[in-house]
Structures are given as structure tokens and as C-alpha cells.
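Undergrad: So the protein sequences, as listed, match chains G and U.
Residue numbers for the first sequence follow this note's numbering, beginning at 1 and rising by one.
Residue numbers for the second sequence follow this note's numbering, beginning at 1 and rising by one.
Hints may contain errors.
[To be verified] Straight line, CA to CA, 27 Å or less: simulated BS3-like cross-link-like pairs of lysine-lysine:
no.	chain 1	residue 1	chain 2	residue 2
1	U	Lys-105	G	Lys-340
2	U	Lys-101	G	Lys-363
3	U	Lys-21	G	Lys-66
4	G	Lys-66	U	Lys-101
5	U	Lys-379	U	Lys-391
6	U	Lys-105	G	Lys-338
7	U	Lys-316	U	Lys-338
8	G	Lys-321	G	Lys-233
9	G	Lys-338	U	Lys-101
10	G	Lys-66	U	Lys-105
11	U	Lys-341	U	Lys-316
12	G	Lys-340	U	Lys-101
These are calculated hints, taken from the structure and not from any lab test.
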Amino acid sequence: MADLTTNLAGIKSPNPFWLASAPPTNSGYQVMKAFDEGWGGAVWKTLGVPVVNVSSRYGSVNYRDKRMVGFNNIELITDRPLKDNLREIEEVKKYFPNNAVVASLMVETKEQWHQIVKDVQNAGADGIELNFGCPHGMCERGMGSAVGQEPAVLQTIVEWVMEVAKVPVIVKLTPNITDITEPALAAVKGKADAISLINTIQSLIGVDIDNFVPYPIVDGKSTNGGYCGPAVKPIALNMLKNCAQAPGMNLPISGIGGIENWRDTVEYMLLGATNVQICTAVMHFGFGIIRDLTSGLERYMDEKGFKTTAEMVGKALPNVKTWENLNLKYKVTASIDKDKCVECQLCYTACEDGAHQAIGLPKDGSRVPYIIEDNCVGCNLCSLVCPVEDCITMERRDDGKEHETWKEWMTEDKAPTTFDDDRAGGKHHWVPKPTDALKH
Amino acid sequence: MPEYNRPTTEEELKANFGQLKPLMNATMAYYESSRCLYCYDAPCVQACPTGIDIPLFIRQINNGNVDGAAKTIYDSNYFGNACGKVCPTSELCEGACVYNKQDVKPIEIGRLQSFATQQAMASNKQFFKPGRPNGKKIGIIGAGPAGISCACELRLLGYEVDIFEAKSKPSGLAVYGCAPYKITNKEIFEEMDYLQGQFGYTIHFNHPITTREQLDEMEITYDAIFLAIGLGATNTYNLAGVDLKNCIGATEFIAQLKIDPLNTIVGKKVVVIGGGNTAMDAASESARLGAEEVILAYRRSKEGMGAYPFEYVLAKGAGVKGVFSVSPVSVEGKSTVKGIKLIRTEEDEKGYLSNIEGSEFVVDCDMVILATGQSKKTKFLSMIEGLKIDKRGRIKINSNTGQTNNPMYFASGDAVNGGAEVVNACGEAKNSARSIHRILLKHGTMKKKDQE
Numbered sequence: 001m002a003d004l005t006t007n008l009a010g011i012k013s014p015n016p017f018w019l020a021s022a023p024p025t026n027s028g029y030q031v032m033k034a035f036d037e038g039w040g041g042a043v044w045k046t047l048g049v050p051v052v053n054v055s056s057r058y059g060s061v062n063y064r065d066k067r068m069v070g071f072n073n074i075e076l077i078t079d080r081p082l083k084d085n086l087r088e089i090e091e092v093k094k095y096f097p098n099n100a101v102v103a104s105l106m107v108e109t110k111e112q113w114h115q116i117v118k119d120v121q122n123a124g125a126d127g128i129e130l131n132f133g134c135p136h137g138m139c140e141r142g143m144g145s146a147v148g149q150e151p152a153v154l155q156t157i158v159e160w161v162m163e164v165a166k167v168p169v170i171v172k173l174t175p176n177i178t179d180i181t182e183p184a185l186a187a188v189k190g191k192a193d194a195i196s197l198i199n200t201i202q203s204l205i206g207v208d209i210d211n212f213v214p215y216p217i218v219d220g221k222s223t224n225g226g227y228c229g230p231a232v233k234p235i236a237l238n239m240l241k242n243c244a245q246a247p248g249m250n251l252p253i254s255g256i257g258g259i260e261n262w263r264d265t266v267e268y269m270l271l272g273a274t275n276v277q278i279c280t281a282v283m284h285f286g287f288g289i290i291r292d293l294t295s296g297l298e299r300y301m302d303e304k305g306f307k308t309t310a311e312m313v314g315k316a317l318p319n320v321k322t323w324e325n326l327n328l329k330y331k332v333t334a335s336i337d338k339d340k341c342v343e344c345q346l347c348y349t350a351c352e353d354g355a356h357q358a359i360g361l362p363k364d365g366s367r368v369p370y371i372i373e374d375n376c377v378g379c380n381l382c383s384l385v386c387p388v389e390d391c392i393t394m395e396r397r398d399d400g401k402e403h404e405t406w407k408e409w410m411t412e413d414k415a416p417t418t419f420d421d422d423r424a425g426g427k428h429h430w431v432p433k434p435t436d437a438l439k440h
Numbered sequence: 001m002p003e004y005n006r007p008t009t010e011e012e013l014k015a016n017f018g019q020l021k022p023l024m025n026a027t028m029a030y031y032e033s034s035r036c037l038y039c040y041d042a043p044c045v046q047a048c049p050t051g052i053d054i055p056l057f058i059r060q061i062n063n064g065n066v067d068g069a070a071k072t073i074y075d076s077n078y079f080g081n082a083c084g085k086v087c088p089t090s091e092l093c094e095g096a097c098v099y100n101k102q103d104v105k106p107i108e109i110g111r112l113q114s115f116a117t118q119q120a121m122a123s124n125k126q127f128f129k130p131g132r133p134n135g136k137k138i139g140i141i142g143a144g145p146a147g148i149s150c151a152c153e154l155r156l157l158g159y160e161v162d163i164f165e166a167k168s169k170p171s172g173l174a175v176y177g178c179a180p181y182k183i184t185n186k187e188i189f190e191e192m193d194y195l196q197g198q199f200g201y202t203i204h205f206n207h208p209i210t211t212r213e214q215l216d217e218m219e220i221t222y223d224a225i226f227l228a229i230g231l232g233a234t235n236t237y238n239l240a241g242v243d244l245k246n247c248i249g250a251t252e253f254i255a256q257l258k259i260d261p262l263n264t265i266v267g268k269k270v271v272v273i274g275g276g277n278t279a280m281d282a283a284s285e286s287a288r289l290g291a292e293e294v295i296l297a298y299r300r301s302k303e304g305m306g307a308y309p310f311e312y313v314l315a316k317g318a319g320v321k322g323v324f325s326v327s328p329v330s331v332e333g334k335s336t337v338k339g340i341k342l343i344r345t346e347e348d349e350k351g352y353l354s355n356i357e358g359s360e361f362v363v364d365c366d367m368v369i370l371a372t373g374q375s376k377k378t379k380f381l382s383m384i385e386g387l388k389i390d391k392r393g394r395i396k397i398n399s400n401t402g403q404t405n406n407p408m409y410f411a412s413g414d415a416v417n418g419g420a421e422v423v424n425a426c427g428e429a430k431n432s433a434r435s436i437h438r439i440l441l442k443h444g445t446m447k448k449k450d451q452e
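Excised from the complex, chain U in its bound form (with noise of 0.2 Å):
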């Protein structure tokens, strides 16, 4: 029997997709901000890629101030409710909580964080206002996380603000790509949608920026760009059969998931090659999604897996099987998966891995999913002049400032750092905006037209 049934209902899929970080009671706040030691200088804080004042906003819902909380979430990070809830906190503010070092369970802030943001979501709490408008524009490309921090950054400080959005929602994978039980898509709209009331940027959905045209005329209308565009599809690295039906990428299953999870198809034996934070993600869907098998193949060690281990916790939890030191050769079948290939692997002392020389063998299975990291959206980046990029594919920005080698030119998130978490584009998106204001008010505007 497997962990999970397929879900065939709305409420059978809510059964199997149970929140990991469910929304506090009032008393279950109020006991758990209790707790807190309010400490100098927090190491929760400093843990935070946004540096929200942790301790501050515990102890205003301690006293009854949640709507001051939730302001002071909000004055650092704009995705103060998302990232709540799928912050990996374990590894940042509450791995870092003091309690640690005595054993005593940490404080759970991501749990705190989003009740003080629902409430005050739930209440349409206006916090901010647009700035005073300054005459410039600034054009921002990607409404993920990055986008959405950047242009609430930017109107704050007056800038007229357009978004340019691929898809027809907004979020980026804080929607797309976020695990089911982490965050509901409900949640991720309704705080999309108070920032947007708050904040009045516009976003064009539908409407991608790919032809070095419509580059041209961003460049003449706007004062300066931000790139916040993210990865691209699934890499494949090229294996024999990955054209075959049920086999599909991470990003692109979780994508679908997300959007039509009633519809998305899961296999009854899964294999999911990879060992980073999306293949955990992906195998434990598969598992909640009915697989009756789901195995997890990893060419390297346990030890060695990108995942956080709580993550992986978290896929056993599901049902999930680990395989290691083990590597695809290819994708079985004629025209739907039938099996994988894979090979043994074994690692030397300074961790380059090789293939051991016949140890093929196949899995037979009837889904492969392939968790081995999106690429990077090089093409893109070679229309823009001046704009270097490192030999991984990332966009190579002043750390400080968050500019490009093309002055015009900003960026932050994951085409900037490879592939992080929601709260890392958030963080770097609102120091971004600062420097964009700081960079115009010396400059006037990036305008091309203006420095020719």
C-alpha cells in the first residue's frame, strides 16, 4: 500500500497536500511569542536574508500588536507571508535561535511570521503608499519574487513601475515552483494582490520579453531596467530517451502541479533523478500525487545531496525511496517510459565521481523526472550589450548595488545567484531598488536616447 492515494477531489487533494507550516490560533501565537528571549543583536535576525527584525514583531503580537508586526515584516521583506511559509527555517532564523544550543525547541517564526501577515492581509491593513511620483520609469522584467520586491521598492520611492510577466500570474515559482504543502496558490495570490493594492505597480501578464526589439524600446522608455527573469527549462544534459512520454523535468511537473493538480499525470513507479531541494519536492508530490513508488536516484552519496535534510526527511516521510551513487545513462521505452538506465558511481578523495565500468542496470519504471537544475537563460542575456555573465551562466552584478555591467541594466534572484530561495530574490531585489534610486539621483536616468 502506498502512503497516499491518487487524490479525485479537491478535498482528498488538500488530505494529501496537508500544510507542513499551518496558520496559528490567536492562543497558539500568543504562547509560542511567549517564548521568546528577545535577544541582543538576534542570530535570527542576522540569519535572515532580509533581516526582518525577528524579535521585534514576536514581541509586538506578544503584546497584542499584530498589525505592528506585520508591518514590521513587511518594512523587510515584501513576500513577509510566502516566505513564512516556505523559508527553509529550519536552516536560517530557527536554526539559529538561541534555544538550540540547550536543546530547547526554537521558536517558530516562520509560523508567527504568517500569522501576523494573514491577519493583516485579512484585513487589507494599508501599511504603504506609493511615494510622491518622481517623473522616472523603471521597467522591470520577470514578476517572480525579485520583480514584486523590486517594483514595491521602487514605488515606494516614487518611480512609475511596469512588469513584464511571461506567464499570467504573478509570483514567479513562489507559485510555479513552491511545493503544494509549503503554500497554497490562494495564499501566494492574495499577498500578490494586497501588494499590488498597496503599491499600484503595473503588471503586463502574457507578455515576454524575448526579441532584442523590444529590448530597444524598453531601453528608450525606461530610466533603468531591473532583470529579474529567473532560470529556464529543466536541464536535460543531452540523455538518450528524455523525448519519450512520461518523461518530464522538475520544474516543468511542479509547474503543472501547481496549476491543474487534478490533471497532472503521476506514473505508478516514479523515478526522480537528482538530490537538490526541487527533486525532494518533486518525489513527495509524486507520492502524495498516488504514485505507488517513488524512488529517488542521486549519483552521489546521502551526505552529499544539495538537499536540505530536513527536506528529504520530509520525502521518506512521503513514502520516498533513496538510491545513491548512481547516475542515468537513459531513459527506457519506445514512445512512453518503460525504465531508466543507470550506472554506479563511486567517488574519489577529492570528490570527482566516475561511472563504474558495467554497472549498468535498469529500473523499470513508467515516470522519470529529471531534478537535475534549470538552465540558465543565456540567450537572453546575449542580446543585452555590455551584460557578462560568469562561467555558470549567472549574471555578474556589483554585489553592492546590484548593477550589471550594462549601467542601464540591474538584476537579482536566481539568474543573478543560480537558484535560491524566495526569500534570497527578495532580499536582493529591495537592495537593488535602493541602489537604483540611489545610482539615478547622481545620474538623472540610464535612458539610452539621454547618453547618446
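Chain G with its partners taken away, still in its complex shape (with noise of 0.2 Å):
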């Protein structure tokens, strides 16, 4: 049986869910409520100066009849008393004692920056994360992404809390930057024990068509927030690959953004995130989802052997490069299962008007589309149309001997240099004339 527990740069839990630092850690209850339930860890809602918030805060981006593919809000850190938050920490932490409370700390001065240090250690907290993302309202202020956006200012702030630090601390990241790595290595020169990313990605939801504002209204007016929810992962599994696999990054690192089951887990877990941080799922189907998460886990840990968690931890990391290092060799090309389609014809249409002409219609008047071998690159786009499971399936075409790279080209001025180059990839790829068009 697999081991679930994980071990954040000291910071332990029984498995490694946690919450992360947004409403569903608002308060004592919530937390109380989750560990029960089986959680391993909880970051505190933010904690600083407590704020006023705005009514009418959140919103989110549909696909079709699913709910919640995006989400965004604009409400800010929490707006309850310091002194309540402490109370309650203390109190979790009496009832799960073996699991993890972080607080999430964001403040101005290195006096308060100081205080409250010493304030959630003193109240029991197993570890501090530092909100330097939120890319709306506190941001105005010079706290959240601001901070996260300086890597020097981070630096420093980093600079104060580890002067008072007897916990682990963690540094959280704003998506917002060119280029995440620069605070991530800020946050390893100032002697943070940890990173985690991503916070939001600031965003405009949408807009009320009929009024023209956009969402969240608040009476008439709106603002940037943030977006989070299952649409960010992609962009928070780069920014955690860029950070991994970034020269000088010995910290450990808690993957967050879009993060709903088991699978999404052990995604983060290959490209290097030693637990994870889950927010949006939560708001939506509440904390029900750890039953899903740890059996999911569980099973697929123990199907491919992997004992602990920690094993698992960027194993697909020497597996992503950059571009010019993949082999332009390789050549796949796409089949169709005739007794599985259903002649939607989707395939055909996406590779006629979007990709490469390559799916041909029988002419006798049956349905099921063939593919044009020599007109298919293998951009798979007719894989990921098919509505059937398992239809349309990439099968490997070369040899597997050769393998040569455009970086290799280049230096063996293999590659096209110029506009009209002989070299060009395309150069002998057929392509229809183009008033064939009009023939249809």
C-alpha cells in the first residue's frame, strides 16, 4: 500500500492535499471540517490587517453545460481579526495535531511583517507562506503580485521573515512576470525553505453584454481579479516546470492552479511539485473530493510501485526540453478504428478547414473518414476532436533509428536559412490549389 505522507521542506502531512490559502480556509470551522474529512494540510486564508470587502466577488467561465472551467474573484485577504484567526489556528491544531497549518501571511512593514511571524508561530502553526501573487486590490496597496513582480523587494521581505522564522516558509509566487524563475531564485537567495505557484492569473472574466460591464458587478462597475480553476493548469505546469528545472532551485515546491483529482495530483507531482495546494475544486463541490483524490492516488501509486510520494517527484522532468531538442525524426501519423466511429466526421473537418487536408470522405456515400497517409503531419488534431474513446489513435511510422534535431541542423547548416530555403518542411507537402475551395 502506498505511502501517502509528504514532507515539505519540514512541513509534514498525512497525504499531500492541501488547501489552499482562499476561502475555504477562512475560518477554524472550515479547517476543522476538512481535516476530518481527511485533508493533509490547510493554508490559512491571508492574514494580515484584516480588509473590507466588496459584495459580489467572484465569477467564473462556463464550457457549455460545466460549470467552473475558469474562475475569478476580486475579494481580497481575510477581513477578520488577527487576534480570532490565532485563536482558532491554536485550537485546530489541538484537535490535528498531525496535520499540516500553514499561514499565509501578507503585510507592509518589517515590523508587522515581524509581529505577525511571531504571531501564527506562537499559535501553532507548522509553516508560513507568503502571499506575494494576488494580482487585485492588495496589489494597489504594494503587497501581493507587486512584491512577487520585484524579485529584489521579495528578496528582502524574504530577508525579514527568515530573521524571525522558527518554521519552515514558504514563498508564493504570482503567475503575473515574464519570467517566474527570477523570484523564484530571489526566494532561494533570501533563504526561503520552499516556493509555491502559482497564485491567480489576473484576468477579466467576461462582460455583461446588456450593460456593459464586466463581471463581478459591483453596483455598476467592475475590476481585474484573479483566474484560477481547472483552465490555469497548463500555465501553472509550465511555470512549475521552468521553475524545476531552473539552475540554482533547491527548493521544494507546492503545486497550485486548477488542480481537481487525482490525475491533475500526479501531473504536478512528475513536473516536480512535492504536494499540492487545491482551491477552485473545493468551492465547488466542497471538501467531499479528498475521498476521490486519495483512492485515486493510492491506486495509481500503487500500480506503477511507487512507494512514497517523494519518488514520484519530477520524474517527467528530463523528459520536457526546449524545442530544438526534440527529434524531427519521429513520425506519427493517425488511424481510424472503423468498428469504434461514429461518423460524426469531426476528424474530417477539423484536418480540411484546420490542420492539413489529410482525412478524405468515401465517395460511395458511407460515412467513416480515411486518412490521406502522405498529406497527415501527425498534429493530432483529429485525436482530440473524436468524441470516441480511443478512436482515433497516433500509430509511430519511422524506424526509430534516426534521430536528428533542429539544433543539430544547425550547426550542420541542415536547417533553411533563407525565405525561398530548398530546406523549407513544407516545401513538399502537398497542399490543394486554392480555388479547389470553390469546388464544394
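Once you've looked at the hints, go ahead and assemble the two chains, each given alone in its own frame, into the complex.
TA: What follows is the structure in C-alpha cells.
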């Protein structure tokens, strides 16, 4: 049986599933309920000088009948007095000594940082997370992402914190930056114990087209928020990879962004996350999803033979390369399983209009499309639009003996360099005549 | 205990004849429309006799453009709402849905269609207006699905249109023939009003065309004439005893039920003769009117029935029992029906049917409904010079244009196809209307005096 316990820079928890600092960790009641249901840890909703929030705070992107594939909020940090939160942290720790309680913090001055770090340590927090990520509201006041976007400032504040920190310190990064490794490495320099990413992405979630106001609407006006939920996962995974592969990055990483199930969790861990933090999925489905998370992760680890979660961390990193190092001689083409095909012809129209005109339709009136091998560039599009499980698969066509990369071609002068270079990749690739489009 | 009690109030009637395809609410429509794959060259469209762009209207519903969806539907089929409800969708669009191939429930296209059209009707959205008057006049005989569809299309093209209807209400069999659990009269008439409000054709109700003199007058008044006459009364095949009280044709029984359901007489024990969709409707309706026992008697095997399988399932669900390979010999009784004499039949390899001698038996019953097909209006048709009909009494037309052998006359619907769905009549009539336009553009008019 797989061992789900994790250790992030010394913060131990019974499983890698933490609640991210957000509305689900607003109170001791919620954190206690989550632990009772099986969550491993919780990062408390960011503490600081309590704020005043607006009414109407969230918005979402729905994809057809699927709700909240993307989620946006303009809520600020905690609006509850510090002493109430501290008392509740203490109480939670009394009932759940083995679960991780991490205090997320966001204040302005050195004095405030020193004071609040001491306060949460005294309350029994197992760790501290520095919120350098919020891209709305707080950043206007010089905090949150305003710090995360200035590596030098970030490093200074981390140093202030480390002066008094007795528990591990995690630096939470903002994705609203061109190169996330810069603040990540600043955290290393400041001697933080771990980093976590990503915080939310600056966003306007949509517009009320009847009244010409973006959502969420506060008395006829709106403002940008922070974007999260399943839709942001690919962006977060890439930033995670960038940090995990960055030379000089030696801190463990807590992964955040669109995690909803055990599969997302495994993906994060394979790309270098020691544990994960979850928010939107809980705001959508409640704490109960923890049962699916743990059972799915356990089954996966047992099937793959991983005894501890640590064994999985970073397993996929060696397989993420720069484009110039990919094998140009690798060749796949699509293959359609006639028996599974439902004849929707989505593959045909996708390839015809959106790709390389490599799928044909039978002339005899039957409806199962066929692949035109010579035209298929192996782009995967048809297999992605196909609504049937395992109906269109990509089959390897090269013999696996050749391996040539763009990088090698550049040094060997094999790559196209002029506009009409004979070595253009598409030079010998068939395309229909423009006027053929009008024959239909 | 029968499946249904005799309904005595409007409420009970409504309960017994609950809608098979009730109106979707907005949430249902949203979820259902979300499932559509938006197939290329979609099989559902190919399966629709009117070629409605189904993936497009479903996508429009899903994207919050329900009026646009209704417009898409009406662009192809003027009976958009009626067809959504009465079409045998499991045999047509929904039967063709690609989801069936992976045993996934097909999209409920009919209900989505009605969801869109009912919203448009309720807000009286004006999608169409008559074309600029082109000075030409078309006479239409019959205000059923074919007649009305042809009228709408012709009005769009700028024609003046007069429809002559024998009955007092429009829509023909849509109202007089469609089972009440498929669509309510109210819904049908709403769509009729909605169409007339937009297209502005004239309907002369209670105005049957039955004489040569009337035809003469039409032939000098109109530039072309469109025959949308449908079919006639139920065929009785000279069966002995058909004149007894409580022996009735299915078409007549259903028409009465549709106009005055609470006063429609139904027996305690009803035998329905026939194996087509009308027989299923009549049997099911008898049960829903409170008949204690309803027997469906068909001369061939269960598999040989012309009815769609789902219609038989529906009838069985209402408590109807099937008896197969029996043919009617005579309706028994002195003044009213007391029973029906049946004879067992056998079918040879070629499908020829013969009676088994000496196998007659009488089934006691107090009502017999004959669902043995509708007669053709051959006598009326014989008054039209040059018009040809086939062996089965159907009007012969050029299948591309709908034009009959008398160039002034065009025809569509049941009188041509022998009796099919509302949707077939709508599709055919729309095509005929366009042909009338094309041909008149070329020839000016088909009027008699001009030709002479």
C-alpha cells in the first residue's frame, strides 16, 4: 500500500493534499471540517491587517454545461481580526496535531512582518506562506503580486521574515510575470525553505453585454480579478516546470493551479511538485472530493510501484526539453478504428479546415472518414476532436533509428535559412490549389 | 382494472393524454444542447425530410440565441413546432444521431426544436414578411401541412395566395389526425395563427372544392393551382356490418376525439383493425379514453406491421393487447356492434396472405375501429383534365417540381405520397412552391384563358 505522507521542507502531512489559502480556509470551522474529512493540510486564508471586502466577488467561465472551468475573484485577504484567526489556529492544531497548518501572511512593514510571523508561530502554525501573488486589490497597496513582480523587493521581505522564522517558510509566487524563475531564485537567495505556485492570473472574466460592465459587477462597475480553476492548469504546469528545471533552484515546490483530481495531482508531482494545494475544486464540490483524491492517488502509486510520494516528484522533468532538441525524424500518423467510429466526421472537418487536408470522405456515400497518409503531418488534431474513446490513435511510422534535431541541423547547416529555402519543411508537402476551395 | 379511467373533466383528460414530448425548460434545453457534437454533414439533417440545419439550431440554443434557432428551423420547415412534437424522431433525426452508434442516448432533437419554436411563437417573433407583390395569384386546395407550407413559401416570393379549406380550422390532419398526447390543438392553432400573422395568405374555411364549376373558376382566376387535398375517409373494403352503430373509421374516430374529446364515445371493449401508425394511435387513444379492454387485430405478424416499433410500444404501454395473423370477416350485431368475426391467416414465403379455412372465431366487443387506411379522392381528381394517378390512386407528379400532368396543377402531401408524416408534406410542398415560382417565371402564367 502506497504511503501518502509528504514532507515539504520539514512540514509534514498525512497526504499531499492541502487546501490553498483562499475562502475554504477562512475559518477554523472550515479547516477542522476539512481535516475531519481527510485533508492533509491547509494554508490559512491570508492574515494581515484585516480588510473590507466588496459584495459580488466571483465570476466564472462555463464551457457549455460545465460550470466553473475557469474562476475569477476580487476578494481580498482575511477580513477577520488577527486574534480570532490565531485562536482558531491554536484550536485546530490541538485537535489535529498531525495535519499541516500553514499561515499565509501579507503585511507591509518590517515591523509588521516580524510581529505577525511571531504571532502565528506562537499559535502553533507548522509553517508560513508569504503571499506575494494576489493580482487584485492588495497589489494596488504595494503588496501581493506587486512584491512577486519585483524580485529584489521579494528577496528583502523574505530576509526580514527569515530573521524571526522558526518554522519553514514558503514563498508563494505570482504568475503575472514574464519569467517566473526570477522571483523563484530571489526566494532561494533570501533563504526561504520552499516556494509555491501559482497564485491567480490577472483576469477579466467576462462582460455583461447588456449593461457593458465586466463581471463581477459591483454597483455598475468592475475591476480585474485573479483567475484560477481547471483552465489555468496548463499555465501553472509550465511555470512549475520552469522553476523545477531552473539552475540554482534547490527548494521544494508546492504546486497550485486548477488541481481537481488525483490525475492532476500526479501530473504536478511528476513535474516537480512535492505536494499540491487545492481551492477552486473545493469551492465547487466541497471538501468531500478528498476521498476521490486519496483513493485515486493510492491506486496510481500502487499500480506504478511508487512506495512514497517523494519517489514520483520530478519523474517527468527529464522528458521536458527545449523545442530544438526534439527529434525531427519521429513520425506519427493518425489511424481511425472503423468499428468505433460514430461517423460524426468532426475529424474530417477539423483536418480539412483547421489543419492539413489529410482526411478524406468515401465517395460511395458511407461515412467513415479515411486518413490520406501522404498528407498527414501527425498533428494529433483529429484524435483530439474525436468524441469516441480510443477511436483515432496516432501510430508511429518511422523506424526509430534516426534521431536528428534542429539544434544539430543548425550546426550542420541543414536547416532552412532563407525565405525560399529548398529545405523548407512544407516544401514538398501537398496542398490543394486555392481555387479547389470553390469546387465544393 | 384498466390502465386509464374514463376522463370526465378537462383535467382528467389532460392527465390521460399527457404529452409524450413535453416542453423543455431552459435548463434542460441548455444541458441537452450542450451534448450535441456539431457533426459535419450531419446525419440528422440528412434524415430530416425538410433538411433543417439541426446542429446549427442546437448550437444557437446552447449559445443563448434561441430566436436565431427558431429562425433556422422555420427557414426549412414552417411547421417547426408541430414537427418537433409529432415527428417520429426516433425514426428520423434522432434515429440518425451518431451517438446511437456508441449506445449513447441520442440528442432529443424534437424537444429542442419545440423549445426554440415555442419561445419564438410566445413572443410573436416576426421572422418573415411577404415578398414584394409580383401580381400573380395561386389557388390552393386544402389547408393542411402541404397547403399551408406551400402558401407560406409562395407569399415569401410575392404571390397572392387563396386557400380553400373544407373544414372550419386550418392544419388538416395535424389537428384532426395527430394523437393528442403528441400535440395539443392549442399548440397547433397557435402555430397556424403565428404563420398567418407573418405571411398573410387568405384561407376560405368551410369552402370545399367539389365541382367542375368551382375548378373552372379557379382555373381562370389563378396563375397556378396547388392540390393539397390529402386523403379521404377510411377504407371499409365492403366489410359486412360496417354500418352498425359503434363501428367507426380510425380517421373519423381520431378527428372526433380531437374536436370534442369528452364527448367521444368509446366502448368498454374495443377491437382496432389494422397494423399501421393510425391503428396504434386509435388503440392507444381508446385505452386513454377509458376502454376496459383494447385489442389490436392485424392480419399479418407483429413484425409485419407498418407501424413504427415505438408506436406499438406506446400502445402496449397504454394497455393495448395485440392479436396477430387474423383478418376481419364481418362486424357482428343487430343495430350496434356486439362483436367481430375474425379468421386466422397464414403467410407464405413470398408474403402472400391466405385465410385458414374454418378458423373463424368471434371476439365479443362493443366497438370496432377500422384503421385500414384512408381512401384516395379519385372521384375529385378525375374532374381535373389530364391529371394522372397511379394504380394506388396517388397523384402522379414530376418528382423534381411537384407538377402534375396538367401543367396548371401542382400537388404534394398525402394525396401524392399515399399518406406519410406531417414533415413529408411540409418538405414536399415547400419544394413545389419553389417550382411553381420557377415555372411561372419562365411561362408567365398557367391560367386557362391565356393558354387558349
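Undergrad: Work down the list of hints and note, for each, if the structure agrees.
TA: Structure-based check of each hint:
1. U:Lys-105 - G:Lys-340: Cα-Cα ~16 Å, so holds.
2. U:Lys-101 - G:Lys-363: holds (21 Å)
3. U:Lys-21 - G:Lys-66: holds (25 Å)
4. G:Lys-66 - U:Lys-101: holds (24 Å)
5. U:Lys-379 - U:Lys-391: holds (14 Å)
6. U:Lys-105 - G:Lys-338: Status holds; Cα separation ~21 Å.
7. U:Lys-316 - U:Lys-338: holds (24 Å)
8. G:Lys-321 - G:Lys-233: holds (19 Å)
9. G:Lys-338 - U:Lys-101: Within the cut-off at roughly 12 Å; holds.
10. G:Lys-66 - U:Lys-105: holds (19 Å)
11. U:Lys-341 - U:Lys-316: Roughly 23 Å separates the two Cα atoms, so the pair holds.
12. G:Lys-340 - U:Lys-101: Given pair G:Lys-340, U:Lys-101 holds - Cα atoms ~8 Å apart, limit 27 Å.
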